[in-house]
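Colleague: All chains, please: the whole structure from these sequences, using the hints.
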Amino acid sequence: MPASLLPPTFLPHHHQRQRLRLPVPSCTTSSVSVSVSAAGPASRYDFEPLLAYLSDPSTVASLTSPSPPPSVPAPERRLAASYSAVPSHEWHALLRGLAASDASLPLAFALLPFLQRHRLCFPLDLLLSSLIHSLSVSGRLLPHSLLLSFPPSLSDPPSPLLLNSLLAASAAASRPAIALRLLALIREHNFLPDLASYSHLLASLLNTRDPPDAAILERLLGDLRDSRLEPDAPLFSDLISAFARAALPDAALELLASAQAIGLTPRSNAVTALISALGIAGRVPEAEALFLEFFLAGEIKPRTRAYNALLKGYVKIGSLKNAEHVLDEMSECGVAPDEATYSLLVDAYTRAGRWESARILLKEMEADGVKPSSYVFSRILAGFRDRGDWQKAFAVLREMHASGVQPDRHFYNVMIDTFGKYNCLGHAMDVFNRMRGEGIEPDVVTWNTLIDAHCKGGRHDCAMELFKEMRESNCPPGTTTYNIMINLLGEQERWVGVETMMSEMKEQGLVPNIITYTTLVDVYGRSGRYKEAIDCIEAMKADGLKPSPTMYHALVNAYAQRGLADHALNVVKAMRADGLEASTVVLNSLINAFGEDRRVVEAFSVLQFMKENDFRPDVITYTTLMKALIRVEQFDKVPVIYEEMITSGCAPDRKARAMLRSALRYMKHTRVA
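Numbered according to UniProt numbering, the sequence shown spans residues 1 to 673.
Simulated from the structure, these hints should not be mistaken for laboratory data.
None of these values were measured; they are calculated from a predicted model.
Heads up, the beta-carbon is just placed ideally off N, CA and C, and yes, glycines get one too.
Take the hints with a grain of salt, since some may be wrong.
What the hints assert, rightly or not - Between beta-carbon pairs, the in silico distance windows are:
1) Ser58 <-> Ile440: 44 to 54 Å
2) Pro73 <-> Lys546: 21 to 31 Å
3) Thr208 <-> Lys546: 16 to 26 Å
4) Gly388 <-> Asn613: 32 to 42 Å
5) Lys546 <-> Gly457: 25 to 35 Å
6) Asp443 <-> Asp543: 23 to 33 Å
7) Glu499 <-> Asn613: 33 to 43 Å
8) Glu254 <-> Lys668: 54 to 64 Å
9) Gly497 <-> Asp543: 19 to 29 Å
Modeller: Below you can see the structure in the form of structure tokens.
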């Protein structure tokens, strides 16, 4: 190994702290300085011969091989013997020095199996855990391959200390997929995960743009309960925040009640997240009660974020009077509204069609010293988008420029989404190009929005080109991106491409979520690849994730479209066996399956089942039954079903009326004949 690639030797009689100077792993000759701290004298031993030996690729291959060599080479034995007197703290110092630079990190990992083979430092798991922890704390990301290779290569079975350290490092590196696999490995070896492991994993799920996947959170909570660990207040807070962000306020409320039952008070940010989730769900009375309990009636004074969380609920249900009252109350309590506060109120006015009121509020906002930002205008644009007034996007942009506000990435993302939703793909691409022309780099939301719009607009080739361009840019695809592409390729029955996307997704350390599996089941089912669809459900269960009703419905619907009624019925039975109740939508698909199979008796038995089990038949139920009767030419029964539909309180739609007219026409034709 060239001397320039080695740390300075630890020569005798030099007792000052040494510094490693190692080159950056590139073609340049620049180098970085790395500190090596030691508990005692750091220079009593010359490690240069050892590091030169460890830099040989054949040595590394021998040390990291899963099967040890039949005999250790004599030079290696002599080298190891020369270091037999080195104390543990010296090895720790050397490891820390090597780990301080990406260039020398491979030497650190080659040193570990060398120490293990020759029993030079114990306990090795503690040494490795310390190294992993120091890398994680310093913000250095462990390579994917190293994260996966530690447990089998250095410990059999791996120790709980090592696995928990790896889990924490994986979470810190934003690799929740690997962290989940390590958690499963901990449980597989009957080790007890510590509370910090769950906190690290939840932190990795919360520190992402997308909300945490509900199935993963339920799996984590179930695992925590199975391990009989009692969460502390910080872990309860993380759990409440995670379930709230995943739009599961009921689960978050249960966790809040559990914490209070044992005398724990979650952090205020967790309560705020729960109030926000309740408000977004339109459950304003519960959000108000929670706000009153924790803030107004408690010792904690509400801050701006707490008021904003409550405000979201009023905006959601369109209660402008209460929304304006929140602003007044903030003023009375001396809590200054921020940009988000005004944005929510502007959003409420826009959704109510009160564009002039929104403009007046913008002026008030400036008068209060809060300059409107691009985000405020993006909320106005989103309001017009949701009301179908996409043409007003240009008016918002003009108003924005008149206020001296420059569009940012988020505004452009909303604008692209607005045009994409109404299939104005030319305008969407113009905005995309304008955004890049202004030096604003697209993020994953930009790419996802643009790719999805082209998919839905039927421009599949353009969507593929955009995906390739995204991969070549500095913005790696996320889970949502892969879900969009899997759906696109599945609709085109390009199954090799679907498998490639799944493999690529996992290689990136991304976790397939409930949408991924539902998409796979849907595209496989609609193409008649039922075995693959069922395999997806089984794979999901094997990963500890619970299939959703939507997933089962996709499979029932796929069988129904092909008239495979018995298979559809078996899926409904499997669904109920998994503890999921069939919905009206699923049962309607089952009726359709029997109808396509010309099995009218079974179709009506599903209707009877619905009545006996408090499922309310809807207009689709009755329309599907009428279609089944027409298929078997029982035209005289169609008016009876139509009348029952009206009697039950279902308003006939255009399709139902068309079914009735069709049956009456056939009956008239039959009588004439």
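Colleague: Each hint: holds or not?
Modeller: Evaluated hints:
no.	hint	in the structure
1	Ser58 <-> Ile440: 44 to 54 Å	holds, 50 Å
2	Pro73 <-> Lys546: 21 to 31 Å	violated, 53 Å
3	Thr208 <-> Lys546: 16 to 26 Å	holds, 21 Å
4	Gly388 <-> Asn613: 32 to 42 Å	holds, 38 Å
5	Lys546 <-> Gly457: 25 to 35 Å	holds, 34 Å
6	Asp443 <-> Asp543: 23 to 33 Å	holds, 29 Å
7	Glu499 <-> Asn613: 33 to 43 Å	holds, 40 Å
8	Glu254 <-> Lys668: 54 to 64 Å	holds, 59 Å
9	Gly497 <-> Asp543: 19 to 29 Å	holds, 23 Å
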